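There are 2 protein chains.
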Amino acid sequence: MNGLPNNATIVEVGSRDGFQNLPDFIPTDVKIKSIEKIIESGVKDVEVTSFVNPKAVPQMADASEVASAIIGKYGNRPGMRFIALIPNARGAESAVKCGITTVSIVISASESHNKANVNRTVSESLAALRDIAESFPSLAVRLDIATALGCPFEGKVPEKDVLSLVANALDIGVREIVLCDTIGVADPLSVDSLTRAALKEVGGHCPIALHLHDTRGMGVANTYAGMLNGIEKFEASIGGLGGCPFAPGAAGNTATEDVLNMLTCMGVETGIDMGRYMEALRYVQANIKSDLTSHMAKVVV
Amino acid sequence: MNGLPNNATIVEVGSRDGFQNLPDFIPTDVKIKSIEKIIESGVKDVEVTSFVNPKAVPQMADASEVASAIIGKYGNRPGMRFIALIPNARGAESAVKCGITTVSIVISASESHNKANVNRTVSESLAALRDIAESFPSLAVRLDIATALGCPFEGKVPEKDVLSLVANALDIGVREIVLCDTIGVADPLSVDSLTRAALKEVGGHCPIALHLHDTRGMGVANTYAGMLNGIEKFEASIGGLGGCPFAPGAAGNTATEDVLNMLTCMGVETGIDMGRYMEALRYVQANIKSDLTSHMAKVVV
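The listed protein sequences correspond, in order, to chains H and F.
8 is the number of the first residue of the first sequence in this note's numbering; add one for each residue after it.
8 is the number of the first residue of the second sequence in this note's numbering; add one for each residue after it.
Watch out, some of these pointers could steer you wrong.
Any copy, or any two copies together, can satisfy a pair, since identical chains are not distinguished.
List of simulated lysine-lysine pairs, DSSO-like, C-alpha gap at most 30 Å [unchecked claim]:
{"id": "1", "residue 1": "240", "residue 2": "163"}
{"id": "2", "residue 1": "305", "residue 2": "240"}
{"id": "3", "residue 1": "305", "residue 2": "122"}
{"id": "4", "residue 1": "207", "residue 2": "305"}
{"id": "5", "residue 1": "305", "residue 2": "104"}
{"id": "6", "residue 1": "167", "residue 2": "305"}
{"id": "7", "residue 1": "163", "residue 2": "305"}
Read the hints as simulated data drawn from the structure, not as lab findings.
From a predicted model like this one, the values you see are computed outputs, not experimental measurements.
All chains, please: the whole structure from these sequences, using the hints.
Written as structure tokens, this is what we have:
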């Protein structure tokens with residue numbers, strides 16, 4: 008009636024994208040406890056960790072331990088989806104060993120960003136994605152399309168380049184496609200346009216999710232713009248952690264509690280209890296990072 | 008084509024609502040210089056000051072000096088609208104003496120807030136509004152409807168109470184009606200619903216503007232929701248100053264630069280140059296308040 012979906016899914020990425028971007032090593036038990044509190048609030052979709060080279064990303068050196076602990080505790084809870092980011096087949100192997108059944112792989116829509124990020128062309132990355140999907144048929148593979156709404160090197164990214172990745176991903180058989188506003192330059196109109204085109208491209212054969220940043224204060228507005236087109240899945244990070252904010256104090260990832268609050272206010276069902284999520288936030292504030300960029304972290308006292 | 012208006016007007020209220028809420032007296036020349044820089048960026052609608060009792064609001068004790076200086080300098084610039092907030096006929100007299108031709112009067116949609124704010128019933132406030140409109144026929148009177156989207160004492164405010172004020176304001180002949188989210192609890196759906204109803208109520212006979220707060224991170228999203236219904240006027244405050252944020256570090260008024268950036272990104276014409284507006288912001292940051300809540304203040308380095 009109001010054009011919005013009745014239900015929405017929040018995919019918590021604070022435990023991966025958020026933690027990964029913090030300079031000081033977060034003790035493994037604090038990581039686990041944070042995720043437990045997030046799950047206890049009702050979150051069912053969690054990007055738990057990433058299986059990357061611990062020399063390149065020391066923060067994620069405890070990936071197996073964290074994933075095993077969380078899956079050990081909540082693996083039997085109905086409807087849970089434990090996601091891990093993986094860069095390659097080796098990461099996929101490690102993820103499978105811990106009981107992970109869903110993995111995210113990042114490919115940028117812009118060549119220069121993909122080169123800078125993973126030192127591959129987009130074609131090479133797509134070939135690697137296909138290899139992983141074929142080699143690990145038990146894994147549900149998600150594709151995160153980075154720079155889908157703007158690139159730090161190339162500026163505006165042509166929609167056709169994003170849609171070409173979407174088409175390839177469909178062909179490979181990925182289970183979810185995430186359009187990422189990697190540097191926080193999307194506006195409601197660009198989100199409206201790209202989500203409309205992407206939904207048309209997948210034709211109902213694959214869910215489209217959004218990963219939005221609040222760098223310029225449009226993360227929540229862009230969420231709303233996506234919802235008006237029927238997007239129902241949103242990645243967000245507790246406290247707004249992570250997302251490579253490039254200026255001190257600037258926001259990065261859109262904060263889960265800001266998105267959750269809007270959804271709750273609008274009567275969109277998420278299965279997450281706002282009050283209990285704020286308890287998870289207080290734990291993160293007290294044990295990981297106190298100066299968070301999110302609005303709700305500051306206003307709820 | 009995209010459902011948005013081609014043009015939008017930003018009404019800068021930082022110089023009134025923003026400054027008024029700051030505890031330390033801002034030197035008169037700093038107030039004037041800030042407004043000059045805002046106007047030089049292309050802003051044409053400025054709430055310059057308020058003509059209130061200086062004992063109650065010492066920050067606004069220099070109202071006449073500020074208004075006279077700005078109108079003296081820019082009074083002949085085409086399209087300018089210099090607005091002052093006034094609480095009563097005495098304020099209107101002072102405003103007229105300085106050359107102000109547009110005044111804002113605040114009435115709350117909820118009885119308890121109106122009582123707390125001006126110690127009058129809503130009916131008494133409406134009678135006073137009518138008196139002023141009749142006594143000062145040369146003045147364009149605007150009505151700011153406070154708590155239109157939520158009240159700190161009563162919670163959700165029935166739309167019919169807001170629409171009743173709108174109908175009364177039309178009857179009195181006000182020139183603009185501003186729906187204010189005084190405590191920052193509006194969400195895109197409540198803005199959608201109220202603006203739709205208010206636009207229907209005025210039937211094109213009076214412009215409807217929005218005054219939104221970013222307290223819970225929805226200020227920009229709510230701006231977009233209003234625009235989708237055809238709202239073209241938005242009050243906003245430089246740096247997000249003011250708006251009574253009730254927790255340290257929490258946001259109050261939606262920041263002009265955050266709204267302006269979204270409009271600029273979306274190609275909506277405002278007549279304001281983003282780069283020059285950021286110069287005004289840097290002046291305010293350096294001379295009035297350095298720890299601003301706005302997103303653009305933090306990200307543009």
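Results of checking the hints against the structure:
| no. | hint | in the structure |
| --- | --- | --- |
| 1 | 240 to 163 | both (24 Å within a copy, 28 Å between copies) |
| 2 | 305 to 240 | both (25 Å within a copy, 28 Å between copies) |
| 3 | 305 to 122 | between (38 Å within a copy, 29 Å between copies) |
| 4 | 207 to 305 | neither (39 Å within a copy, 36 Å between copies) |
| 5 | 305 to 104 | neither (40 Å within a copy, 42 Å between copies) |
| 6 | 167 to 305 | neither (40 Å within a copy, 32 Å between copies) |
| 7 | 163 to 305 | between (33 Å within a copy, 22 Å between copies) |
In this structure, the hints that do not hold are numbers 4, 5, 6, in rising order.
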